[in-house]
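Here are the chains, one letter per residue:
Number of protein chains: 2
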Amino acid sequence: MLGPAEAPSSPRGKRSGGRAGNLRRSGGGAIHQAPWTIPENRDRPVEPLDEEAVERIHNGAMRILEEIGILFLNDEALGIFKHAGCDVDMETQRVRLDRAFVMEQVKKAPKTFTITPRNPARTVTVGGDSMLFVNVSSPPNAMDLDRGRRPGDRESFRDFVKLTQYFNCIHLAGGYPVEPIDIHASVRHLDAIHDKLVLTDKVVHAYSLGKERVEDAMEMVRIAGGLTHEEFEATPRMYTNINSSSPLKHDFPMLDGAMRLARRGQPVIVTPFTLSGAMAPVTIAGAVTQQTAEALCVIALLQLMRPGTPVVYGSFTSNVDMKSGAPAFGTPEYMRATQISGQMARYYGLPLRASNACAANAPDGQAVWESVFSLWACVSAKANVVYHAAGWLEGGLTASYEKFVMDCETLRQLIHYMQPVPVTEEDVAVEAIREVGPRGHFFGAAHTQARYETAFYSPFLSDWRNYERWSLDGAVETPQRANKVWKQILAEFEPPPLDPAIAEELAAFVERRKREGGAPTDF
Amino acid sequence: MLGPAEAPSSPRGKRSGGRAGNLRRSGGGAIHQAPWTIPENRDRPVEPLDEEAVERIHNGAMRILEEIGILFLNDEALGIFKHAGCDVDMETQRVRLDRAFVMEQVKKAPKTFTITPRNPARTVTVGGDSMLFVNVSSPPNAMDLDRGRRPGDRESFRDFVKLTQYFNCIHLAGGYPVEPIDIHASVRHLDAIHDKLVLTDKVVHAYSLGKERVEDAMEMVRIAGGLTHEEFEATPRMYTNINSSSPLKHDFPMLDGAMRLARRGQPVIVTPFTLSGAMAPVTIAGAVTQQTAEALCVIALLQLMRPGTPVVYGSFTSNVDMKSGAPAFGTPEYMRATQISGQMARYYGLPLRASNACAANAPDGQAVWESVFSLWACVSAKANVVYHAAGWLEGGLTASYEKFVMDCETLRQLIHYMQPVPVTEEDVAVEAIREVGPRGHFFGAAHTQARYETAFYSPFLSDWRNYERWSLDGAVETPQRANKVWKQILAEFEPPPLDPAIAEELAAFVERRKREGGAPTDF
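As given, the protein sequences belong to chains A and H, one line each in that order. Quick note: the first sequence uses the working numbering, first residue 1, plus one each step. Quick note: the second sequence uses the working numbering, first residue 1, plus one each step.
Just so you know, the hints here were simulated from the structure itself, not pulled from any lab data. Predicted model only: the values in this text are computed from it and were never measured. Using N, Cα and C, we set each Cβ at its ideal position, and we do this for glycine too. Hints are supplied without guarantee of correctness; some may be wrong.
Every beta carbon over 10 Å from chain H, so not counted as near; a handful from chain A, in silico [what the hints assert, rightly or not]:
hint: 1; residue: 36
hint: 2; residue: 47
hint: 3; residue: 87
hint: 4; residue: 107
hint: 5; residue: 129
hint: 6; residue: 146
hint: 7; residue: 168
hint: 8; residue: 215
hint: 9; residue: 265
hint: 10; residue: 346
hint: 11; residue: 394
hint: 12; residue: 500
hint: 13; residue: 517
Below are the DSSO-like pairs computed for lysine-lysine, each with C-alpha atoms no more than 27 Å apart in a straight line [unchecked claim]:
hint: 14; chain 1: A; residue 1: 484; chain 2: H; residue 2: 323
hint: 15; chain 1: A; residue 1: 323; chain 2: H; residue 2: 487
hint: 16; chain 1: H; residue 1: 323; chain 2: A; residue 2: 323
Build out the structure end to end from the sequences listed, making use of the hints.
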């Protein structure tokens, strides 16, 4: 503790005027941002399991694949396995895979790969120490402090895409940040992907929800990049994420989409939906075992089809509230499951995807502790792709404008945190300490003056003014401050440059595909 | 992301009635608590520095002690150093210590020790993997949602002491959780320590603020424990925490108190107040170097006086807002400084103290992310003693009732997190997965039924009900829920048992010392 003699009020007492405001302006932007950068997470991961326990989970996953089998509700996938000599029951659609086969296929997957969007400066590396943040994806609802919670629409969709583009701490424009339900489902993907390709220049994603949607997405990414078909296929340009229908089942459209992307060399994240106590065992070890089996069998399929297909081992294992069945996130179980998933991903030499998830209904304290615990899990697991990194609330049912901004504040802090701490002789600063001596202060020291502008992370959303000033200025709490930030960002938003010829080609494609009726909606 | 096909609403849809309420009753208590337990933090620490960089900080600290020296504003301390042959300038009160001497003394400190309060069941181990949480200490103000922010008084002091006793996740009753300024300073320590010894049975602390306060505190702890003087001195029964007056200075009363406790075998936490950019270099490496020098010289003094004195290396290094001079907490710099402090503590074989600190003015999102980042730092640094673990706001200027409850929720989650994850063959659950199969659900499985009651951590403050139910019930956010919790705890509070004869002796001591005038107030 601090004794009264050194009460922390003293340095505050020295402040000459406080901060002008929370919205620091720099170059006309709503906030001052560090440039786009991909953090390198060089810390040792936290590993809850010893080697023997990792082997036990691996062995359990192999036994599931060998003895119990997985349903592949997709005849093409079944045929591919059958052709490779696997144990396939075409009638029950059950596939059993032996461990030697699975491990042989999984070994073909690259440890790291890049994805290059229409702006090559936004190319990302997936795997290794690299850590990528993806916007919130797929909530049916949008929420903000002014308008409350409401079904997503194209306007809110576009707002979140703009926030995704604006924040340099968001690396991938993942799934729809909110479902634009005012666009008819048959053509929704055309407008939505068009908006994403025009309003952002970051990597985009395609939902694996039927042939037309997937093929249209690939074609639009190709057009937006100004690429030939050969160029599109030469290196990853986009990606999809598929979920299992746990327990032990992969549905038709997810497998179909995954195979369509894999055939063209595009990455697939395989994320089983293994909520412990509901669709997976009530033990974390059991849930991660099942997750591993469900992920590896699809990864094996894709490697069998096209060796070297870029894939990611996805972890979404969390627990449910056993009283209600509601999914919980950012829990101690989520943290440990994510870290153990990291151990399994490294065991198989695969990149790891996890999430910044929470169950809270409002951007309040619970939302933040659940989210920061989730991020702690992601960092300590060495997750390479962090889904829902900004904006997710309510177990994924709502995309929150204010939470998006709050999450970006914490993401920026983590990006700064992941920078190495310099420890040269100059940093150790014995000469500066000698110069200041026991009766001086470091504010004015030359050592400080040479470094103070960039020495520390500078938050855009924290209010560090003293209580009196903060109160006089309305005692504005975090979500209300975030509310001001997103409004200013949207008011000032300018889309990234796009060649007019490409914009025209993209629009023409959308128009044509709409005329053709888009995609069937009977899924 | 989750595709619409597996939108996370589905498990929520299955809930049959939600939770009865957030205040789960069990045995009449306000909340259902796990029993008192001391978490063992067995994960590998995060270590930002390599061995060479650790040596560079060590070398810098040694050079500060050898070449620059530290002011000891206490003639007794100066005399002890002089008697040992150290380079002491009695006029300027500057002490220079050579590294061989410092390291020889520091080596005498125990790696771990226990502290036994009046209830031996509340004995704690300091050091090793053990992690202890201490209540907020020393704010001048108290705050709650009903009465707002106001100067601390005896009533709020007692309230926080009751919360400290109530929550099993709080292990030590540290400094005054809020300053009871309605008690005259001359006798405040008598009433305050009396309240603490009566309302709690956990380890208490003495402020090092003058001979009378320290001696009275030791005597009261001895009386409360029913101990002879010999028994009191035989093993640690309480502790103090002293802060340097950085840069490079230790004040009279802090040193006096530390030496008084050390002489009687009681532990001393030495916590330099090295805010980077203000009282310490603007570089984290420099601030931790200075912190190390300032801590080790006092630890050397205490070991010189009484070899084996239990001591703790205290880290309070954080950064200031360079625009205003305000201290910041829970920042990336705080996290790294704490982790590096952990490396230094292990280098010297000393237990580590750090803090759960934040700069926010309200128990909002900022408060929570700063606090959880601080806790992340403490866990990843392997801090043994976490000061201000519950209730701190506003850089330590305010103790918040609601924040106390919110912090206890996160502490309980971390205590659960630190339990080992079981990974037996039964936990891996291949047979349960076989039994449920691809078309079943784990809710009803025997494997689940045998474990569901204790499988997962059950929060007392999170609201996991769905949005509709939460809204219908008033859309109550986290601080408002915490407000209800502390009121119920205080309404139901019962002090721990205390032998009436001891209670009488304690009261008589306080009365006598008050008659004698208590302590001088001219410090």
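Each hint tested on the structure:
{"no.": "1", "hint": "36", "result": "18 Å, holds"}
{"no.": "2", "hint": "47", "result": "7 Å, violated"}
{"no.": "3", "hint": "87", "result": "15 Å, holds"}
{"no.": "4", "hint": "107", "result": "23 Å, holds"}
{"no.": "5", "hint": "129", "result": "14 Å, holds"}
{"no.": "6", "hint": "146", "result": "15 Å, holds"}
{"no.": "7", "hint": "168", "result": "16 Å, holds"}
{"no.": "8", "hint": "215", "result": "17 Å, holds"}
{"no.": "9", "hint": "265", "result": "22 Å, holds"}
{"no.": "10", "hint": "346", "result": "15 Å, holds"}
{"no.": "11", "hint": "394", "result": "6 Å, violated"}
{"no.": "12", "hint": "500", "result": "32 Å, holds"}
{"no.": "13", "hint": "517", "result": "20 Å, holds"}
{"no.": "14", "hint": "484(A) with 323(H)", "result": "22 Å, holds"}
{"no.": "15", "hint": "323(A) with 487(H)", "result": "25 Å, holds"}
{"no.": "16", "hint": "323(H) with 323(A)", "result": "49 Å, violated"}
Hints 2, 11 and 16 from the list above are not met by this structure, while the remaining hints are.
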